[in-house]
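Asker: These are the residues of each chain, in order.
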Amino acid sequence: MLRFVRMLGAAALDGIENLGRLGVYFWFMLRGLIRPPGKFWPVVKQIEFVGTKSFFVIGFTAISTGMVLGLQGHYTLSKFGSESVLGAAVALSLIRELGPVLTGLMVTGRAGSAMCAEIGIMRIDEQIDALECMAIDPYAYLVTPKLIASLIAFPLLTAYCDVVGIFGGYLVGVGLFGLNPGVYMNSVQSSVLWEDVYMGIVKSLCFSVLMIWICTYKGYYTGLDEGNFGPEQVSRATTKAVVLSSIAILLCDYMVTSIMT
Amino acid sequence: MERRGLELGVGFFLIVGFGCLAYLSFNLGKVSLWGASSYDVYADFATVGTLKTRAPVTMAGVEIGQVKTIKLVDDQARITLEIQDAVQLSEDVIASIKTSGIIGEKYVSISPGASEEFIKPGGSIRDTQPPLDIEGLIGQFVFGSMDKSESQ
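Note that the protein sequences, when read in sequence, are chains Z and G. The numbering used here puts the first sequence at residues 148 to 408. The numbering used here puts the second sequence at residues 678 to 829.
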């Protein structure tokens, strides 16, 4: 009985400690914005890594999602004889919901995992300690450029995902079901408001911060809980980082949606 | 040389990304950067039915603006119409609320007038027609015979 109480207490203290560390980490990450070293080229490199190299994955995800939305939407809407609003259905679900979330999840899987592994390996190789020895702020050097780059890349990728997805819906609606192209595009244009686009941008910004925060945090503190710095810890940290970021993105998505509507 | 590929990739990404964002905001989201090129006109209706803000305002079937606000003023519904600058309304135009299709959305239709005088920005449309009350009409149709037998 006493042991159970003790275990509960230990778990709670651990949780609070981790939460505090997470908060302090976020602060250090932000503080990196105003600290040397310079960040222009690292940021450009990270934009290439997060943005340019995700282009194909995001495009593929977007076009298949758009086409599936077109198929499913047409199936449902044709029961009510309102195929003419297919464009609105595809565009609104993409811009408000699927674009940001799918982009967030795909980029987390593609770039977040790599960032976590990169920083995790630097940790177990004691490269981060070496940076500290050379009086280089490891947060400003490693983490902050990634944060800036994803703040730039996420909204752009999301917009790209939305546009490609709408085009995918167009392919299915007009090409396969013979919908009038003007009807499709008109329904897209008349249904989408600036608020919807704005909401997608806000979501993608939230997701980018969450992804960087969690993925680099897990990498930075690789092996700290186990007190053992081996390759196994890196793989465990990477898995945890991807799972946690994905869950955080989905939860945040619900919250942002409920706040903004 | 190595840097050239990096720059090219990032530049390409930024162009496509901002292009998509601009398309979403300006074309679909209808954001106007250089201030709204439109003016406001008021119209009082006995009732607006289920008219919503942002409903289109049309003249001869062509969209010329949208409904900005709907307020209650002196027991009447006062709606603000945002009309594009290029369109000028004569003083004797008639604003009526119509429905697209039988169960479609409500919109404001403006029938052109003949007057030489134009409504100034901030002016109001005098002649208005409230929407057709379909439920009321059906009620009259269904219960109409009862009324007749009572009156006889």
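Don't take each hint at face value.
Some chain Z residues flagged as far from chain G (calculated, every beta-carbon gap over 10 Å) [claimed, not checked]: (1) Val-152; (2) Glu-195; (3) Thr-199; (4) Ile-210; (5) Ala-264; (6) Glu-279; (7) Ala-306; (8) Tyr-307; (9) Asp-309; (10) Gln-336; (11) Val-349; (12) Pro-378; (13) Arg-383; (14) Asp-400.
One-sided and incomplete, this derived list gives chain Z residues near chain G with beta-carbon spacing under 7 Å [claimed, not checked]: (15) Val-191; (16) Ile-194; (17) Gly-198; (18) Val-339; (19) Val-344; (20) Met-346.
These are computed hints drawn from the structure, not numbers from a lab. Here a beta-carbon is modelled for each residue, glycine too, at the ideal position from N, C-alpha and C.
Asker: Taking the shortest Cβ-to-Cβ distance between Z:Ile-210 and chain G, state whether it exceeds 10 Å.
Answerer: 13 Å, holds
Asker: Answer holds if the nearest beta-carbon of chain G is closer than 7 Å to that of Z:Met-346; otherwise answer violated.
Answerer: 11 Å, violated
Asker: Quick one, is the Z:Ile-194 hint okay against chain G at 7 Å, beta carbons?
Answerer: OK, holds: Z:Ile-194 within 7 Å of chain G, min 5 Å.
Asker: Taking the closest Cβ pair, is Z:Gly-198 under 7 Å from chain G?
Answerer: 4 Å, holds
Asker: Going by Cβ atoms only, is Z:Val-191 closer than 7 Å to chain G?
Answerer: With a closest approach of 5 Å, the Z:Val-191 hint holds.
Asker: Could you check that no beta carbon of chain G comes within 10 Å of the beta carbon of Z:Val-349?
Answerer: 13 Å, holds
Asker: Taking the least C-beta to C-beta distance, is Z:Val-339 closer than 7 Å to chain G?
Answerer: Because about 4 Å separates Z:Val-339 from the closest Cβ in chain G, which is inside the 7 Å limit, the hint holds.
Asker: Quick one: work out the minimum CB distance from Z:Gln-336 to chain G and report holds if it exceeds 10 Å, violated otherwise.
Answerer: 6 Å, violated
Asker: Hint check: is the beta carbon of Z:Val-344 less than 7 Å from a beta carbon of chain G?
Answerer: 4 Å, holds
Asker: Classify the label on Z:Glu-279 as holds or violated, using whether its beta-carbon is more than 10 Å from each beta-carbon of chain G.
Answerer: 28 Å, holds
Asker: Is it correct that the beta-carbon of Z:Arg-383 has no partner in chain G closer than or equal to 10 Å?
Answerer: Per Cβ check, Z:Arg-383 is outside 10 Å of chain G; nearest 32 Å; holds.
Asker: Run the C-beta distances from Z:Asp-400 to all of chain G and say if the shortest one exceeds 10 Å.
Answerer: 19 Å, holds
Taken one by one, the earlier hints fail for this structure at numbers 2, 3, 7, 8, 9, 10 and 20, listed in ascending order.
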